[in-house]
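S.K.: What follows is each chain in one-letter form.
There are 2 protein chains.
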Amino acid sequence: MTVSEPPGLRHLRDPRGYSIELGRDRPVRLDCGADIGPITVAYQTYGTLNAERSNAILICHALTGDHYVADPHPITGKPGWWNDLVGPGRLLDTDRYFLICSNVLGGCMGTTGPRDVNPATGKPWGLSFPVITIGDMVRVQARLLDALGIDQLFCVVGGSMGGMQTLEWCASFPERVFAAIPIATAARHSAQNIAFHEVGRQAIAADPDWCDGDYLSQGKFPNRGLAVARMAGHITYLSEAALHRKFGRNLQERDNFSYGFDADFQVESYLRHQGSTFVERFDANSYLYITRAMDYFDLAAANGGALANAFRGTPTRFCVISFSSDWLFPTSESRAVVQALNAVAANVSFVEIQSDKGHDAFLLDEPEFHATLGGFLDGAAEHRGLPRAVKDRAPGDGAP
Amino acid sequence: MTVSEPPGLRHLRDPRGYSIELGRDRPVRLDCGADIGPITVAYQTYGTLNAERSNAILICHALTGDHYVADPHPITGKPGWWNDLVGPGRLLDTDRYFLICSNVLGGCMGTTGPRDVNPATGKPWGLSFPVITIGDMVRVQARLLDALGIDQLFCVVGGSMGGMQTLEWCASFPERVFAAIPIATAARHSAQNIAFHEVGRQAIAADPDWCDGDYLSQGKFPNRGLAVARMAGHITYLSEAALHRKFGRNLQERDNFSYGFDADFQVESYLRHQGSTFVERFDANSYLYITRAMDYFDLAAANGGALANAFRGTPTRFCVISFSSDWLFPTSESRAVVQALNAVAANVSFVEIQSDKGHDAFLLDEPEFHATLGGFLDGAAEHRGLPRAVKDRAPGDGAP
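Sequence order for the protein chains is H and L. The numbering of the first sequence is the working numbering, which starts it at 1 and goes up by one. The numbering of the second sequence is the working numbering, which starts it at 1 and goes up by one.
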């Protein structure tokens, strides 16, 4: 896979990605009213930006994701979260597209967040970091694209919180988005979603090692609280059917109940593992800030109470995708987006993928989902005048 | 409301209920293999046991419930959890039935549990309390009925974990149950249910004040962990629709986001309140033990892998009730019970109540549910030869 060097930038090449300083001269105005800058944005690219700068796809990551879309994760060593989708001839075809993914504002994998040092004080931001929104994340991404010299994205795509960013992009910068694929997402966070996030935040805040958010200065880590938050969240990412299929009531390396509080059941052992590995790669305060940003997201409220207002006159082509067993971002939420888009006569297609894998299906091997994604991208690329895929080209049809 | 004195018993009358010592001469053999005894069982009764001792209804409470079915709760002062159903002329008619409800083994409202002092050591049981099962709870209830001189119950009824006990009664003591009403329950705890319980247990265990279960000896209380456990649990008791209707995205006593981590949303404030009030009335170790008992419950596995075996030859009349929006104990679980009962040609009726209130609907004002309950009880009472309700009696039809 070719990793291109973006042209003419003051940026630092990390062994596994780029980082760039933004907002030194012109800070980013946040929704809370504060200005932030300079900030660092960590990002990764795959493929090559064409001469017309018309083949860029912005990939937006989910709550606990990062910009390592198709690289081994620097901490866990695991393959990137969309590893199988990225590469020459693959769905996100690095022969055709220039893929960009940046770690979100407030994150903990290279982009400025509460774990970083506040230049004004020389101490970690902690809870003095401003509370951010999905809109703020997108504003920072737009600054990144400015720096990369990309006026218009061919496509914005993302699942879950990545889908929220995708919708926000279309609402805030419609002229900069040729096509958009919001996946397994919603135009607002529901009461139940907020409730689950609040449980996670309370679990973190209940950990004495959180130190009211100041754990870094005190050399502590609220790992127990963060692990519980992850466990609670993780259940919501899977369907009941998926949990049943994966684990059922199977016991973990034993024939009978222990009549104790060990992890008797496989599902307990799995959850504990999810919790304990998560704390190795994620920052507790980032978890607070990013869940808060999701809770605050409400595109209708931000547009006079009518979601359609967010998309009025949109030039973007949409492909909205949901999964039938996703109970965190159920199909009804995607339908609400589609109805708003229909109300403004937008170009929109909508597919509910039949899957029993729950919310996480967008990260998993789901052939119908991938076929939908590929088909829409191919059609949009044709409309955008991008060259066809290498494998589709007739002999003599031009250089690869 | 008349509270009868059960006949001829060595029991203590508490201002708000009875307590009785059981198992001094003959300890209770638990599923884990341990014997326990003597134990104290706290219980409450409503109405009067008839001369034939044929009008007793055993009410089984849920995970965080207790025997204060229709009394003000001694700690919170709130009305009993089925307060509106109990009384003269009401569904659970104290003019007709003798109602009994006991705090479960492992509980913290008067029946022996981990909070109590182990007579063998003079110290609180804590984690030295044996791990119990739904079967153990029912075994203790059967001992209580022995002591009360009740051979056969007219009916066993309960929701959620109370429904599990109801099913266990029918499987373990079929001849002692004339009629049974398992509500919003299942014959086994699902992987997702176990997962949610495990989150709660981990939240408690993550609290340093839990002291590895020994908090009572150390004068501490893992209130933060227990509150988080309650919050996680509480979400599962409500439907998404109920949360949306009750709270939606409404803000709590403010017009705009705080851009902080206060409880901006009503649903956050509500959850925090649920957590903070729960810790005043519940014991953290009891929460561990009772959730564990629910997780272990699997009537099919306990009966050679076929649920029907649990009910073969059952003389009991069943009324199985589920709620359409209950995602913790969905209708499919009730259907599995009904199918097993049908397979053994049991007398069973099944009603799925259309409700958007979620699992907690069995505790709420649901007219169709109450009509179902009342209709079944009336029919069963007629079959059992119990007198009709006062209001239904023709003049001169008998006393009172």
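FYI, nobody ran anything at the bench for these hints, they're computed from the structure. Quick reminder that beta carbons are idealized off the backbone N, C-alpha and C, glycines included. One should not assume that every hint holds.
[Said to hold, decoys possible] What follows is a set of in silico ranges between Cβ atoms, one per label pair, in the way DEER data are often shown:
1. Gly77/H / Arg24/L: 38 to 44 Å
2. Pro367/H / Gln218/L: 52 to 58 Å
3. Asp212/H / Arg254/L: 17 to 23 Å
4. Asp212/L / Gly374/H: 51 to 57 Å
5. Asp262/L / Gly219/H: 23 to 29 Å
6. Ala120/H / His273/L: 36 to 42 Å
7. Thr48/H / Asp262/L: 29 to 35 Å
8. Ala306/H / Ser349/L: 46 to 52 Å
S.K.: Does each hint hold? Answer for all of them.
M.R.: Evaluation of the provided hints:
1. The beta-carbon spacing between Gly77/H and Arg24/L, approximately 60 Å, falls outside the hinted interval of 38 to 44 Å.
2. A hinted range of 52 to 58 Å holds for the C-beta pair Pro367/H and Gln218/L, which are about 56 Å apart.
3. Look at Asp212/H against Arg254/L: about 22 Å separates their beta carbons, and that is inside 17 to 23 Å.
4. Here the CB-CB span from Asp212/L to Gly374/H is close to 53 Å, well matched to the stated 51 to 57 Å.
5. Distance hint check for Asp262/L and Gly219/H: the Cβ-Cβ separation is about 27 Å, which falls inside the suggested range of 23 to 29 Å.
6. A C-beta distance of roughly 37 Å is found between Ala120/H and His273/L, which places it inside the suggested range of 36 to 42 Å.
7. For the pair Thr48/H and Asp262/L, the supplied restraint of 29 to 35 Å is violated, since their beta-carbon distance comes to about 47 Å.
8. Between Ala306/H and Ser349/L the beta carbons are some 47 Å apart, a value that agrees with the proposed interval 46 to 52 Å.
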